[in-house]
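**Q** Sequences listed follow chains A and B, in order.
Per our numbering, the very first residue in the first sequence carries number 1; after that it's consecutive.
Per our numbering, the very first residue in the second sequence carries number 1001; after that it's consecutive.
Since the hints were derived computationally from the structure, they do not count as laboratory data.
These figures come from a predicted structure and were not determined experimentally.
A few of these clues could be false.
Unchecked claim - No farther apart than 25 Å at their CA atoms in a straight line, the calculated lysine-lysine pairs in the DSS-like style are these:
no.	chain 1	residue 1	chain 2	residue 2
1	B	K1262	B	K1222
2	A	K99	B	K1251
3	B	K1251	A	K125
4	B	K1251	B	K1085
5	B	K1094	B	K1276
6	B	K1262	B	K1050
What the hints assert, rightly or not - Just the calculated beta-carbon pair ranges, DEER-fashion:
no.	chain 1	residue 1	chain 2	residue 2	range
7	B	I1220	A	P155	25 to 33 Å
8	A	P72	B	S1207	53 to 61 Å
9	A	L139	B	A1217	42 to 50 Å
10	B	P1026	A	S131	50 to 58 Å
Unchecked claim - Sample of chain B residues facing chain A (criterion: CB under 8 Å; computed from the structure):
no.	residue
11	F1017
12	T1019
13	P1026
14	F1037
15	V1120
16	I1131
17	P1172
18	L1199
19	P1202
20	Q1268
21	S1271
From the three backbone atoms N, C-alpha and C, an ideal C-beta is built for every residue, glycine too.
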Amino acid sequence: MSLSWAWLFLLLATFPWLLGVDLLSDSVATSGVCLFISGAAIIAPCRRLRRWQAVLFSGCVGFLFESLRPIPDGSLALLLVLAAIYLTSHRDEIRDMPKMFWAAVLVNGLACTTWFIAAGLAHLKEVPLLSMHFLGQWLLHLLLATILAVLLLVPLALVQNFAMDKIGVPQPDEAA
Amino acid sequence: MDNNRQGAKASYVALVFFTGLWLILPSAVRRFNREAFAEFQAPALHLVGKGRDLARYWELQSRSPEELVAAARDLARINAALELKIHSLDDARKENTRLREMLRYPQSTEFVTVVARVSVRETSSWWQRIIIRKGRSDGVRPGCPVVFGDRVIGRVSVVHLTTSEVDLVTSPGFRCTAFLEGDDQSRIVHVSGRAGLALSAPRAMVSIIPLDYNPPAGQIAKVMTTGLGGVFPSGLTLGTLEAGVQTTSEKHMQTGALTPAKELSFIQEVSVLIPKYPTAGEILLTPADAGKPEEFR
């Protein structure tokens, strides 16, 4: 199997998780919260994929989330690409599990903040950015994104690592 | 600094360049990108919807024959009553058509109904929407009204090949004119969705309510579509006006909250009303004469 397409196969392996979180959001639709895991989904691939592959993977994960929601085009995808570039050039910061947890929490929280603010910019007339309503909603979404990142990182990374092993992606120590 | 980190600088520069390019690209490119990723997810959404249908099917299979017989008997009674109603409505429709022809009154918009199952519900502070399993290939167009019975659910906002995104009545992008029950002068009010609070039921807002309007005593006032604008047929129920209508700061109008007519978060099936002919807005947006039916040329 060609390693050039590793990012695509990995995306296919990750997609059910993204869909699963969407279904979880569906099941709590009455509460008006959107659950989010896309930020945490790029952590394990960034340890092993080459940079350009990690960038493509992260961009696609971002675009997948944006495509079915009224979020300004590219806002989340470009943020995830930026995170992927940073993580692939600082692989020592996601070397072990505790560091991966930190990275997952930070990237997922940052990505959640990005889409929340980007989507909220369209409603500035009714909800000012610096209002209690906005801050409360943002904190709630951020909290949920953080909790989900912590809860789902291990199973998600296990599946992604399994997929990368099958594809033949080199181990973190060997990755460029 | 190792080679890996040095290479990152070039990547950051490339990202900045790409971001700039992304901002100045024609919107068609961004739309194509969005559409491509939506289509990528469409089969999975269909699968999810069909899985739910299958679960419902097996749930119904587990019901006892007595229950099913009772349900069939009830349905037969309802069908009989509805058949009588259809006959009376058919007479009224013929009479209506005859009178319109006599008065040379413009025909009201006619709709084709497409029933669609709900795949996924999406809610957040900034949007309340559902994704339905009918799309462009079924004739669904952006802006089509979405109803359940005589109750308004929302409006189609984005259409993909086999799926569509529907903005619910409570979604901030939703706008509609309405009449209030109990207002003898049939004055027009404005219904709009609003950014919702998480962990609470989403609501829409009814604005420009006249100061002298009083809801019918002992009843909850219904909010109904006007039919103006040609998007929604008239007389559909948008919801009910909640108690506690407030006067605006300028003291010349009132505003109130609207509770949607149908529990939007649990809905499983909707009907999309597709206008038989292009609406006025669609005709205005269509370049040149392309796509207009003969009678509009």
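**Q** Now, for every hint given, state plainly whether the structure supports it.
**A** Tested hints:
no. : hint                           : result
1   : K1262(B) x K1222(B)            : 13 Å, holds
2   : K99(A) x K1251(B)              : 58 Å, violated
3   : K1251(B) x K125(A)             : 21 Å, holds
4   : K1251(B) x K1085(B)            : 45 Å, violated
5   : K1094(B) x K1276(B)            : 19 Å, holds
6   : K1262(B) x K1050(B)            : 23 Å, holds
7   : I1220(B) x P155(A): 25 to 33 Å : 47 Å, violated
8   : P72(A) x S1207(B): 53 to 61 Å  : 27 Å, violated
9   : L139(A) x A1217(B): 42 to 50 Å : 43 Å, holds
10  : P1026(B) x S131(A): 50 to 58 Å : 35 Å, violated
11  : F1017                          : 12 Å, violated
12  : T1019                          : 6 Å, holds
13  : P1026                          : 12 Å, violated
14  : F1037                          : 4 Å, holds
15  : V1120                          : 5 Å, holds
16  : I1131                          : 6 Å, holds
17  : P1172                          : 5 Å, holds
18  : L1199                          : 5 Å, holds
19  : P1202                          : 6 Å, holds
20  : Q1268                          : 12 Å, violated
21  : S1271                          : 20 Å, violated
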